[in-house]
Amino acid sequence: MIAATRPEKTWSTAILLVFAAATVLPILGIVLLSLQPGEAQLSGFAWPDRLDFGNYARAFEVAHFGSYLKSSLVVSIAVAAGTVVVSTLAGYAFGTMRFAGDNLLFYVLLTGLVIPFEAVIVPLYVELQAARLTNSYASVILPLVGVNAAFGTFWMRAYFRAAPRELIEAASLDGAGSLRILWKVLLPGARPALLTLVVLAFMWSWNEFLLPLVMLSREDLRTAPLGLAFFASRYTTDRVGMAAAAVMVALPVVALFVATHRRFVHGMWAGALKQ
Amino acid sequence: MSRTARGRLRFGLSRLVAALFVAGISAGCGPNGAGERDGAVEGGRRTLEVWTPESGSRLQLVQRRAAGFSAAHPGVEVNLTIRDFGSYPAQLKLALASDRPPDVAIGNLGWSLDGPLIKAGLLRPLDPWAARYGWDKRFPDAARAQMRFTTDGRQFGRGAIFGIPYAADVIGWFYNARKLEALKVPVPMTLAELESSFETAKHAGEVPIMLGNKAQWPGLHLFYLVSADLASNEEINGIVFGDRAIQWTAPGFVQSARTLAGWNEKGFIEPGANGMSPADALARFTQGSGVFLPAGSWNVAELSAAMADNVGFFLMPPVRAGDPRRATGSVGYGWHITTASRQPDLAAEFIDFMTRDEFAIELVAGGDITPLDLGERAPRLPSRLAGDAYAAWQSVVSNGTLLPYLEFAAPNGAEVLYPTMQSMIAGHETPEQGLARIEESRKEFLDSLR
Amino acid sequence: MKRSSGRAVPYLYVLPAFLFFVPFVLVPFAHTVGLSFYDWDGLTQAAFAGLDNYRMALGSPLVRSAFAHALVLIFFFGVLPVLVALPLAAMSARANAPGGNALRTLIFLPQAISTVVVGVSWGWILALDGPLNAALRALGLDWAAIDWLGSFTWALPSLGMVGAWTLLGLCVALFFAGLQQIPESLYDAAAVDGAGRWRTFRAVTLPGLKGPVAVALTVTVVSALRAFDLVFVTTRGGPGTETIVPGILIYRRAFEDARLGSAAALAVILAVVVFAATWIINRIADRKPS
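Chains as they are written, first to last, in our numbering: chain A, 1 to 275; chain B, 276 to 725; chain C, 726 to 1015.
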């Protein structure tokens, strides 16, 4: 890049600032709304005279958000863990080994990236209902791992393909089996890629809406976004409560993202550019 | 394991899909696989599976009463499954196909839900029990047509008895009494007076008609109010009961739609209606927004709790002063016994228990309306509003001016009927265009019945 | 490439992924395809319907408008963010000003937020008595303070703008990263040739961003075609049928109307469109000479 001049730097920062502000303003609005005292019928953007966390307490007690958050946590952690395991194993094989049908199998798996959930949900529901699995965490966890396996394998394969061949050759000449090579040689360096995958899988399953909507009708199993949607549709006039609920549903993933953002974004770029 | 993997590869994608297709279809479909229903009888204890879409105070009443049934019948447990109204039809259908189908299910009149279920052979005709318990005599004449369906599911309004109702409803206008007083407007007694009160309210800066049409069916209820004045019995009954000689494009309906579009254009309807849910609109009305709220009588309990004597109810005023008032209403959802039930007699006992006078008395004491004529056993009404609603119901029943809901005419109202109503009211399409579209979808449905 | 030691070993590694993928994604998809040729209400015997579901779908004005609406969303979700992100990323990369990272992260933030939260929040912001209108009124623009999500004209574009808000940050992040990959030498060569800023942008920057643009377009276009959460939580397809998108129609047909064959046919059509769009975007990206 040609180096920018002083005024260019200032302009660029200013414009970026405007966009960042425009992006953040709605978020700020909701957070502020959630801190307003309970019965306020707010229309505009108002700074609360005092910070009232009462709405959060109410969402926990009255609207069972504690249970919703717990459900989301269970599902997201399970899916993230499952995704990482199966994707790493499969990505390792696709990325470092050659075997009959490897290309075909990979492309079959890749279709998972483009098959919309809407095209899968109906028979999936019917099958899981027949297997008496609906209204259980499994009904959400298993399909999500399946879908994420597509992206995850794709992702890890890219990483493994770019891994230095000499390292692998050397280790195998030393008599190490494939599992050993994976564990000792390749994984240590894969942390950025793995971290990105974990964060993405966690984020996607936390935010997943259609699947839990269809599979989970029991109150005690509802995940957070589902709980929010029901809350919003039932207590339509309780806007401050809804805002508090919204913040609570978004917070865990946003916090995770902010905490890992440097490594995550870096890992994401690196991965995206390997294609 | 690897053999499977290699085997998969050998198939080739198209053959794989074909194999799965065949396997899938034969596994996936088929009638309610009601093989052995374990769990229904366990060492003397019997469970009655009951499904309901009710909510709010009515649901609580149903739950209490069902518990009372268990108490009165030792060894019998009533398992109530509650689903929200929107997804109830589809969920019920899936439950009927599962291996634990309900014994008793609440339906919804006409072809909105009952028809498709009856056509699929999933609900039992109740005539034998009706004779035993006297169900056919319990309800007023006006209601009886709504309880009947031919067993092939093709004709609504005659044939065997299906759902047994328990709570009635009628659509009318709720009004904010203090606002009317402030506007110096008396309660309107004719259509013209109603419209002029809208004008007065608008000029005074009030919202004449509070409406929350985000769910799209409240607009249809507003249409019911207007068509009660402008559409004829033949037109309405013709649509509801499947008479092909009557069509949605009939003059009464065109005039009704045009009136509504006119009201919207003049700014009588709450401007944010399309973005507001019905619950939202109700809440705002109780908080002082809007002079009139077009809604069903099931809202009485909530409104009187919030507004006490500040709220009143009246039916659509007639075109000509003094004419008997006509109103859309029904005897409400009915209790059905499913074909899959292994305990139809117990189910019938339950239904009788749930629809007897005792239940009706509790219902009325809560401010709701019963389809039964309680005579002297009628309890004191809890509020003036409840009194208004009850009197309204009585009047249409005794005058024979109860009109059925137009949405009973076909299933899947959300697909064409509701959105088209919304768009006609908003002036987004003309009444002729919209009604033609509704008629087309109705014609498709009627053709499918043949 | 390493030769696998045991012939079965690679398959064993790949097996777990397929153990999840096949029964929970591939098989149901095959079922959907099969189901689309039947007329089934989930209850009674399915009746073979041949191509009827497809015929009805393709001939239905409602289905056609659902895809037309998806096309509108493609513009707002995909084209708009890409067009805005390109200069933003370029500017940001050139300037490399301090704090750029933080600002870009902020712009990316909406990606981490659940679409339900996004929908519920924007539902409040765009309400007739919500903060956007309050701001417009404060600026004296009372005539512009309408019921955005309840308007027959503005509901769909409003949802589109919400999507653009969500996806802008993703595009900026992708392009910014892509820009880092363009070799300095190309810029030097352009400078030597006397190319101005605009020509450099067109000759060096844009071609270099081909890959990231393809990725961005793929993600955003697929996002637009699949939009369900956002619509479900805000307008549910209303007012009238102005915001009906294929996902909503599929859900409704399957879970509210119990017309499973019809829903399946729609789902297959949607899948085909998604496949096609992805393929087209990537073909165009691959074809243009560097």
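Simulated from the structure, these hints should not be mistaken for lab results. Ideal placement from N, C-alpha and C gives every residue a C-beta, glycine not left out. The reader is advised that the hints may include incorrect statements.
Each pair of labels, with its calculated beta carbon distance range [as the list claims (entries may be wrong)]: (1) C:P748 x B:E707: 30 to 38 Å; (2) C:P786 x B:A479: 41 to 49 Å; (3) B:H478 x C:L776: 57 to 65 Å; (4) B:A666 x A:E219: 49 to 57 Å; (5) C:G784 x B:K412: 24 to 32 Å.
Range agreement (Cβ of E707 (chain B) with Cβ of P748 (chain C), hint 30 to 38 Å): At 52 Å between Cβs, range violated.
C-beta pair P786 (chain C), A479 (chain B): status relative to the range 41 to 49 Å that was hinted: Holds - the Cβ-Cβ distance for P786 (chain C) and A479 (chain B), about 43 Å, lies within 41 to 49 Å.
Status of the given 24 to 32 Å range, CB of K412 (chain B) versus CB of G784 (chain C): About 50 Å separates the Cβ atoms of G784 (chain C) and K412 (chain B), which means 24 to 32 Å is violated.
Status of the given 49 to 57 Å range, CB of E219 (chain A) versus CB of A666 (chain B): Violated: the Cβ-Cβ distance is about 39 Å, outside 49 to 57 Å.
Pairwise beta carbon distance, H478 (chain B) to L776 (chain C), judged against the given window 57 to 65 Å: holds (59 Å)
The structure fails to meet hints 1, 4, 5 from the earlier list, while all remaining hints are met.
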